[in-house]
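Now for the letters of each chain:
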Amino acid sequence: MKFRKKAQKAQEAQRAKKAKQTQEPFATSRRRFLKECTLAALALVASQAGVAKPEETRPPFRIKTKPLTAKALETDPNLAG
Amino acid sequence: MRAQTVQCMLCPKQCKIPEGRSGDCRIRINIGGKLKAVTFGFPVAVHVDPVEKKPFFHYFPSTPILSVATVGCNMHCKNCQNWEISQANPEDQEAYDLPPKALVQAALSRNIPLIAYTYTEPIVYYEYTYESALLGKQQGLRSAIVSAGYANPEPMRALFKVVEAATIDVKCFDEQFYRDICDGGLKPVLNTLVIAKEENAWLEVSNLVIPTLSDDRQKIAMLVRWVKHNLGDETPLHFLRFVPHHKLKNLPPTPVETLEDAWKLALDAGMKYVYIGNVPGHEAENTRCPSCGKVVIGRVGYRITEMHLKKNLCEFCGAKIAGVFRGAT
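If you read the sequences in order, they're chains A and B.
The first sequence begins at 1 in the working numbering and counts up by one.
The second sequence begins at 1 in the working numbering and counts up by one.
Because the hints were derived from the structure by calculation, they are not lab data.
Warning: the hint list may mix true and false statements.
Listed next, with one range per pair, are the computed distances between beta-carbon atoms [said to hold, decoys possible]:
no.	chain 1	residue 1	chain 2	residue 2	range
1	A	A70	B	T305	20 to 30 Å
2	B	A319	A	K66	28 to 38 Å
3	B	P244	A	E74	17 to 27 Å
Lysine-lysine pairs mimicking DSS-like chemistry, simulated, CA-CA at most 30 Å apart [to be verified]:
no.	chain 1	residue 1	chain 2	residue 2
4	B	K272	B	K249
5	B	K101	A	K71
6	A	K64	B	K187
7	B	K228	A	K64
8	B	K311	A	K64
In this text, a Cβ means the ideal position worked out from N, Cα and C, and glycines have one as well.
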């Protein structure tokens with residue numbers, strides 16, 4: 001029992017030592033933090049630009065057109081007036 | 001009124017139109033808080049008709065008239081013969097790209113001296129009618145409207161400064177008929193007729209006689225009396241035969257006897273020029289000189305068979321025939 005506890009403690013100490021070794025230096029983490037902030041800011045600006053819809057420049061529908069031919073100009077007996 | 005909602009003041013309905021929606025006529029739309037007649041320059045029907053088809057019997061007889069219409073109408077008559085275009089949305093029908101300048105050019109290039117705004121309701125596409133008529137007038141063309149006359153007085157008065165002739169269809173001399181069958185009203189129509197007269201427009205009145213709905217003798221007599229008193233006995237009056245259409249296909253065509261009865265009633269009341277329409281070959285298609293009684297303009301359908309006028313005078317007795325005739329203006 002005593003032996004197992006001792007081994008566990010040693011293992012934890014080793015893990016902590018390893019974590020300390022793999023930890024990034026402060027400068028690196030700061031750089032990454034700033035980069036992430038910049039990206040978030042850019043994303044925010046982009047999303048806000050998307051919210052303001054571009055102004056509609058044409059009516060919400062389109063009138064279909066057809067060419068005016070000599071045949072079309074003939075009297076239509078089905079039309080009153 | 002809420003922001004972005006606009007009110008159209010063109011006709012008595014005075015629609016309050018929210019953003020992106022149209023008025024009752026379907027073509028006057030609120031786009032970005034501004035009212036726009038979206039069919040401006042986009043007629044769906046363009047035909048060269050005889051002027052008699054409008055009907056105009058005393059306005060340049062036997063002359064071709066370039067006739068145009070966009071979709072839309074501010075009334076919804078159950079008997080409408082042209083319902084496929086009058087009750088259509090602007091985006092549903094193919095149209096011709098014919099702005100006022102091109103329309104006037106189309107008439108000039110074919111030597112057609114007259115343009116009619118007809119088939120549907122020229123009042124709802126008011127801006128197109130007005131601008132084209134004004135441009136046409138500047139270039140020597142004459143303009144006419146065929147309308148139900150259901151409009152507010154101010155725009156009509158302005159329109160008659162550029163449009164010189166009108167056939168106004170009085171549906172029935174009965175407010176309830178207008179409400180139930182047409183979704184309109186009689187009083188504004190009568191106002192339009194008076195305004196046309198005051199503005200010296202050449203005016204003809206038509207009345208579609210629908211069996212069981214507008215064939216009441218008393219109503220016809222009231223119409224005749226009103227026309228005689230307010231517009232004068234020289235105003236041509238056309239009683240038109242109903243043919244089943246749209247939502248009134250259950251009714252029969254008007255019996256010719258009913259039309260003849262109306263015709264006689266109007267003549268007996270002292271009206272000088274009374275006609276029966278949509279009965280080709282009927283005697284009541286002819287114009288008789290009110291003085292000597294002889295036929296001065298003979299017609300079969302829309303075709304002129306004989307003409308006995310010297311300018312605007314009867315060739316037989318020299319009496320003046322009311323109207324706007326070639327060489328007499």
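Against the structure, the hints come out as follows:
Judged by the Cβ atoms, the range 20 to 30 Å given for A:A70 and B:T305 holds: they are separated by roughly 27 Å. Range check, B:A319 to A:K66: about 48 Å between beta-carbon atoms, so the 28 to 38 Å window is missed. Take B:P244 and A:E74: their Cβ atoms lie about 25 Å apart, and the range 17 to 27 Å holds. Proximity of B:K272 to B:K249 is assessed by CA-CA distance (about 34 Å); at most 30 Å being required, the pair is judged violated.
As the CA atoms of B:K101 and A:K71 are separated by approximately 21 Å, the hinted pair is consistent with the 30 Å bound. The suggested pairing of A:K64 with B:K187 is violated, with an alpha-carbon distance near 37 Å, which exceeds 30 Å. In summary, the hint linking B:K228 to A:K64 is not supported, as the alpha carbons are separated by about 45 Å, beyond the 30 Å threshold. Taken as a hint, the B:K311 and A:K64 pair is broken in the structure, with Cα atoms around 45 Å apart against an allowance of 30 Å.
Violated hints, listed in ascending order, are 2, 4, 6, 7, 8; each of the other numbered hints is respected by the structure.
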